[in-house]
Amino acid sequence: MNNLLDNCKQSFKILKWYEWIMMIIMIGVAVFSVVSAHIGHNVLIPSKLDTTPIWLAYVNFVSAICGVACVFLTARRSISNFIFAIVNTTVYILYLWYYKIYGTLVLETLVYFPMNIIMWIFWARHRDIDETFKTKSKKMTWWQNLLVVLGIVGITVLTHFLLMDVLGLEAWGKLTEDYSTRIALTWLDSTTFAIGIVAIFLELFRFREQYIWWIITDIVAVVLYAIKVPFDIVYFTKKSIYLIVAIIGIIEWVKGAKKNIINE
40 MNNLLDNCKQ
50 SFKILKWYEW
60 IMMIIMIGVA
70 VFSVVSAHIG
80 HNVLIPSKLD
90 TTPIWLAYVN
100 FVSAICGVAC
110 VFLTARRSIS
120 NFIFAIVNTT
130 VYILYLWYYK
140 IYGTLVLETL
150 VYFPMNIIMW
160 IFWARHRDID
170 ETFKTKSKKM
180 TWWQNLLVVL
190 GIVGITVLTH
200 FLLMDVLGLE
210 AWGKLTEDYS
220 TRIALTWLDS
230 TTFAIGIVAI
240 FLELFRFREQ
250 YIWWIITDIV
260 AVVLYAIKVP
270 FDIVYFTKKS
280 IYLIVAIIGI
290 IEWVKGAKKN
300 IINE
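Taken in order, the sequence shown gives residues 40 to 303; the numbers are from the working numbering.
Don't read these hints as lab results, they were simulated from the structure. Please note that the accuracy of each hint is not assured.
DEER-style ranges, computed between Cβ atoms [unchecked claim]: (1) 192 to 74: 14 to 24 Å; (2) 223 to 52: 18 to 28 Å; (3) 197 to 219: 21 to 31 Å; (4) 219 to 93: 30 to 40 Å; (5) 95 to 125: 30 to 40 Å; (6) 196 to 139: 15 to 25 Å.
C-beta: ideal position from N, C-alpha, C; glycine also.
Work out the full structure, taking the sequences as your base and the hints as a guide.
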């Protein structure tokens, strides 16, 4: 336990000032959302009702804080990120279940949750040479990257048609009433699922290229929450921060791969 806490302290010490600013912004937005849910309307715009269930507002609060902490630490190759990842995945599953975002719900429940535990063990067995609270990173060959692209396209198409066949387009009615927007959401949901499946395995095996796909899926997620009705400021802010941190992450992981000289 002491070793776990020490690793966690070391991980937070290496965060930069701008990452702490993003963390503070995320906390502020999360608090804003909780207060708005309690009083029943937007804090800044009293005429705008807030119908978010109070229990969901607190779920969003926990998810926001743990989610941002997780991506910051993952970007720095910190093994401690999985403490926050497991909590974030658990509460995010509740959010997705409430809003019926089915593709991502399956991804979080059946893939991300168990993989967080597996990756925690796997990363701990491949520690960085100099900074042992971090894991090693490595890079992929051109043909491995090609297989990844083909895999993502295939999984996206398969997932989309499965969701449409099993659930139908009306399943996304809780997010929007617009027909064309629902179509877009089904493809965004399927794409997020496909990229998430592939990227999580790249993360498991510590490939730096995972961040190319995290950047893409974060862009997809930002679009998803930008067009979602009603607009969700907590998750829009959270996913926007994810996108910024993913760019930071690819830089850190490229440096790590070069330092450890393990191009496998």
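Structure-based check of all given hints:
1. 192 to 74: 14 to 24 Å: 43 Å, violated
2. 223 to 52: 18 to 28 Å: Distance hint for residue 223, residue 52 is violated at roughly 42 Å.
3. 197 to 219: 21 to 31 Å: 23 Å, holds
4. 219 to 93: 30 to 40 Å: With Cβ atoms ~33 Å apart, the hint holds.
5. 95 to 125: 30 to 40 Å: 20 Å Cβ-Cβ, so the 30 to 40 Å window is violated.
6. 196 to 139: 15 to 25 Å: Check passed, 22 Å falls within 15 to 25 Å.
Against the hints set out earlier in the document, violations occur for numbers 1, 2 and 5.
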